[in-house]
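A.B. asks: My request is simple: use the sequences and hints to build the entire structure.
Chains as they are written, first to last, in numbering that gives the first Met the number 0: chain A, 0 to 99; chain B, 0 to 113; chain C, 0 to 139.
Calculated from the structure, these hints are not laboratory results.
No experiment lies behind these values; they were computed from the predicted model shown.
Wrong hints could be hidden among the right ones.
Incomplete in silico selection of chain C near chain B, CB under 8 Å [stated by the list, open to error]:
1. S13
2. G14
3. S34
4. A36
5. T53
Glycine included, each C-beta is placed from N, C-alpha and C at the ideal position.
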Amino acid sequence: MISPLSGLDAVNSITSEAKPGIGNTQAASGDFAAVLGQAMQNVAQSVQTAETVSMEAMKGQADVREVVDAVMAAERQMTAATAIRDKITTAYLEISRMAI
Amino acid sequence: MADTGIFALAAVHADWLAARQTALAGNIANANVPGYKATDTVSFAQYLDAASRSASPTMTASLAPAMDPFVDTNRNVAVERELFRAAEVRTAHGLNTAVASSFQSLFLAAARSQ
Amino acid sequence: MSDYLTGSLRIASSGLQAESIRMRVVSENLANAQSTAETPGGDPYQRKLVSFETVAERLSGSVSVEVARIGRDSTDFRVEHNPGHPAADADGNVLMPNVNPIIEMADMREANHAYRANLEVFTQARELITMTIDLMRSRR
Chain A
0 MISPLSGLDA VNSITSEAKP GIGNTQAASG DFAAVLGQAM QNVAQSVQTA ETVSMEAMKG
60 QADVREVVDA VMAAERQMTA ATAIRDKITT AYLEISRMAI
Chain B
0 MADTGIFALA AVHADWLAAR QTALAGNIAN ANVPGYKATD TVSFAQYLDA ASRSASPTMT
60 ASLAPAMDPF VDTNRNVAVE RELFRAAEVR TAHGLNTAVA SSFQSLFLAA ARSQ
Chain C
0 MSDYLTGSLR IASSGLQAES IRMRVVSENL ANAQSTAETP GGDPYQRKLV SFETVAERLS
60 GSVSVEVARI GRDSTDFRVE HNPGHPAADA DGNVLMPNVN PIIEMADMRE ANHAYRANLE
120 VFTQARELIT MTIDLMRSRR
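C.D. replies: Below is the structure:
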C-alpha cells in the first residue's frame, strides 16, 4: 500500500512549494492531475478486484480471508484517493484566492 | 460509479440463505414428528442460475424468486447436522451483509464531497 | 412475496411451543406417578401422551409443527398388592399409574434437547433479520 501514500507525499510537496502566479499554477495542476489520476486508477482497480473476489466467495469459490483482504485494500485505496482529491481541491481554492 | 453486480448477487445470495434457514427451521421443529422427512434447498448455483435467467433489466433478481428453492428428501432429520448447517448459514449471511455494507460505504465515500 | 426469515421465526417458535407442552405433560406424568384412585377398585392416573403433527404451507416453504392432541396411554395399569390402601379392591390389589419415571426422564431430556435446538434456530433467525436491517444504519 505504498503508492497511494507516496502520492499523498507528492501532493504535500507540491502545495508547500507552490508560488502565486499563473505559470506556476499551470505546472502545479499538471502534477495534481497525474497524481489524482493514478490514485483514481488504483481505486477502480482495487474495487473491481474486491467485487470479483466477493462474488466468487458468495458462489463458494473464494474464502473469507481473501474477501476481507480485498475489501480492506479497496477501502484503503478509496480513503487515500479521496484524501488526495480533497487536498488538491483545498490547495487549488487556496491558490485561486491568493491576491495577484 | 455505476451500480455494479455485487449488490444484485448479494441480494440473491441472501434470499437463498433465508430459504435455507426456513428449511432447517422446519426440520428442527418437526424432528420428533413420526415419518417426517427432512427438507433441503437447491444449490446456490442452481438458484442463481434461475434468478439470472428470469430477471428483467428493470427489476432486480431478488424481487422475483424465480424457482422454488425447496426440495424434499427421504432422510430423517438429524438435529446436530441441521444445527451445523445453521452455523454455515449464519457465517455466510454474516459475510454477505459485511460485503454489502462495505461496498455501500465505498460508493457513498466516492460520491460524498469533502 | 414470501418472507423466509420471519417464516423461520414462526416455525421455530411453533417448535418451542410444542416442546414446552411436551415438557409440561411429562412433568404432569412424573408428578402423578403414584396417584391412585380415591375409591376402592377405581382407575389411577393414566399416563398422558403428546402427539405432534406437521402443519405445511408449501408455497412459503413454511413447515411448522403443532401438538395434534394430548392422548392417553392405554397400557395396562400396574397392579400392587396393598390391602391396607384406600383404593384396594376385594383382593387387596391396588391399580397404580402406568407411568415409568425412567421413561419420563428420558422423554424430558429429549424434549429439553429439542427445545434448545429450536431456541438456537429462533435466535439465529432473529440475528439474521437484525443484520439485514443494520445494513441501513449509518456507517463510519
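A.B. asks: Now look at each hint and say whether the structure bears it out.
C.D. replies: Okay, the hints, checked on the actual structure:
This hint holds: S13/C has a C-beta 6 Å from the nearest C-beta of chain B, less than the 8 Å allowed. With a least beta-carbon distance of about 3 Å to chain B, the hint placing G14/C at the interface is held under the 8 Å criterion. With a least beta-carbon distance of about 27 Å to chain B, the hint placing S34/C at the interface is violated under the 8 Å criterion. For A36/C, the interface hint is violated, since its Cβ never comes within 8 Å of a Cβ in chain B; the closest pair sits about 32 Å apart.
Taking 8 Å as the C-beta cut-off, the interface hint given for T53/C holds, the closest approach to chain B being about 5 Å.
The structure is inconsistent with the numbered hints 3, 4, although it conforms to all the rest.
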